[in-house]
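Engineer: Using the sequences and the hints given, assemble the complete structure.
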Amino acid sequence: MRIFNKLGANLHLFMAVPAILLFGVFFLYPLTQGIGISLTDSNGVTTPNFIGLQNFIDFFQDDRARNDVMITVYFALGSAPLLNLFGLLYALFLDRKLAGRGIIRAIVYLPAVISPLIMGYIWYFILQPGRGYLPHVLTKLGFGNLDVNWLGESSSALVVLILVNVWQYVGMTMIVYLAGLQSIPPDLYEAATIDGAGKRSSLWYITLPLLYPSIKINVVTNIIGSLSVFEIIVALTDGGPGYSTESLSIYILRMLYGSFTGYSTAVALILFLIIIIPVFVFLRLTRKSEYEL
Amino acid sequence: MVLKRWSLLLCLSLMIGVLAACGSNNDSESSSNSSTSNTSPSASPSAAAEPSASAKQEKVTLKFFTGKVETVELINEMIKAFESENPNIKVEQEYQKDASNVIKVKFASGDVPDITTVYAQDYVDQGKYLDLSGEAFWSRVLPAIKELNTDIKTGKQFRAATNVTMAGIFYNKKIFDELGLKEAHTWEEFKSNLQVIKDKKPDITPMFLAGKESWTLGHLIEFMAHGVIKQKYGVTDARKAFINNEADKLQFDVPGEGIEAFAARLLELKNGKLINKDVLTATYDNQKEAFANGQTAIISQGMWVLGDLLKLNPAIAGDIGFSPFPAIVEGTKPVALSAEDSVYAITSESKHPEEAKKFLAFLFKPENLKSYSEFLKSPPAFTDVTADWGPLKDQAAAALQSGVNIAFTDTPSGFSGDDSGRMVQELLAGKYTSTEFATEYKAAWDKAWNATNK
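Sequences listed follow chains A and B, in order.
Using this note's numbering, the first residue of the first sequence is number 9, and each one after it goes up by one.
Using this note's numbering, the first residue of the second sequence is number 2, and each one after it goes up by one.
Just so you know, the hints here were simulated from the structure itself, not pulled from any lab data.
The list that follows gives simulated cross-link-like pairs (lysine-lysine, DSS-like), each with its CA atoms no further than 25 Å apart:
| # | chain 1 | residue 1 | chain 2 | residue 2 |
| --- | --- | --- | --- | --- |
| 1 | B | LYS192 | B | LYS271 |
| 2 | A | LYS148 | B | LYS202 |
| 3 | B | LYS443 | B | LYS241 |
| 4 | B | LYS175 | B | LYS312 |
| 5 | B | LYS312 | B | LYS394 |
| 6 | B | LYS278 | A | LYS148 |
Far from chain B by the CB rule (all over 10 Å, computed), these chain A residues:
| # | residue |
| --- | --- |
| 7 | VAL25 |
| 8 | PRO26 |
| 9 | PHE101 |
| 10 | ILE111 |
| 11 | ALA114 |
| 12 | ILE134 |
| 13 | ASN153 |
| 14 | PRO217 |
Since we're looking at a predicted model, the values are computed, not measured.
Glycine included, each C-beta is placed from N, C-alpha and C at the ideal position.
Structural biologist: Below, the structure is given as structure tokens:
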């Protein structure tokens, strides 16, 4: 009987076993294998040779890889703040009692449920210079000179990619903020109003501090998502023209398929670090504030 | 808080785990890729329903792995016919868009198909294919195609091609006749034709390139730039030069040779506004539509485009002209691709090589080859097959007469046509001068070659 009691008390641990097993087999094992492969000159077919850290050294000496790191970082620096800004604005706007609020929320959220690959192709059909819907409409309205080759110029192509990414995922960010907003007790606002606080003060001293956990979740997930961007770029520019919008994820795939298996695995590990460092820095910087709340 | 951090770590590990698993040699994740296959729906349920047809013989399943989307349906029909003739053999067709890369995962994970359309020198070197040299059908194959199917290093045949494909310049005969233009064989003639079209027909794009899709630009390198090397050394020696990376013959970074001359010529076209201004964003579909609708006078393509052009505008059949690529270096001749198409190889790891050979023999029956050629609009590579494969039959023969016939390039597997096409995109985007392009091209080629020839 005591054994059963003990078992019952620790049941949650037993229930975690399948998940831990799955995690071990499908993630930890490949991860350790990946670290092993990154130290070899594997091409995926022939027997690999151990080459130490050569793949990592090669990465830092490769112009294309360095370019891709910068592209990926620029993309994240553009996407993550815009996603949070617009996500928050939408949430604040749609948290109010408005006619058709549910429909607007659904419309804003809808792009997030469509595959980013499909979304990329849709935007390609809209933006393609000379052939897309937008150039067509611009020409009809007499603004034909605005039909610029946004996707054919490396600098503007990156801006387009960021905007499409923001447009697609702003709904996701909005939902998290909305959930956060709805968990703030209304009596706090009532008390603030009685104390003479205006709308701006309420936003600054009540809403934003209490939204802190939501901000944290959104910033972290947006950093991870933006730094590992893949599908939207494949559909809109395929990393081009040339390699000017190639992200690290695309580089990893191309290296893998180009018989540089060991090297591509090393780059995957580097991407892991590129993602984890800003996330940890952000969490570290914001830890104190959360304790204070 | 600690939990949150752990869960975050786990999420990140998940991502890297997935990436790492793709590169793994023998782990379970690699093999999961094959489960996404588009196994043929018609892989004979009827055959499966009659297991006792031939009582004592065990039923054999052959895996046929293809990267040719245009023939999936036709092959499915042929499989049905084959299975009714051979009730003990079941053939499962699997198509993958990125077949040349997916097969790497298959080889690495042990999920090796019996027959495949994917063939690469690296795999020949690693003994991945069965030697087909002794097969009876070779006596029926065009000698030039047999030569192209012969492995340079061993002198054996590890693949067989059923068809011949060609690539060159497709032009609109109606526009050419109207403007009094003739097929161009030299670069000056070619450029002058484009200039006349630009001057006299300002609404028409003289030449249309589908630059968003890097393979189309990669083909320009393969046919025009490499054409200089290929015609200089002939089919066999040129193939040896590419496979063994013989720098003295390839001369990739030498000014005035194939690569540099090609880059300079392409920049001439761009600067002279003789190609579409949206060259970097135009797709293969845009190119086909522009040609089929008479919005462009010239495109560079292979015979594979013909079926789609006729589908888009059947009335254009009589207006399509075909000529070789003009010579891009002075003193050289125009070139036309005439190479193997629809190749089949049996893998050395196949557990049923005899049944696989039987299936190939079935595909190589004259009546099947005839319907295949007519379906694909591609000339057969077998001497005993006469097929009415398309409206360009006579013009293609004339183009092959007037230009030096060249083969595809044996590129290192890490430097595909897509990769070189991306470099051409950079050239068109203004990143390189022609000499810089040639230097970069050689560096990229050497890097990829060294990675697979350790």
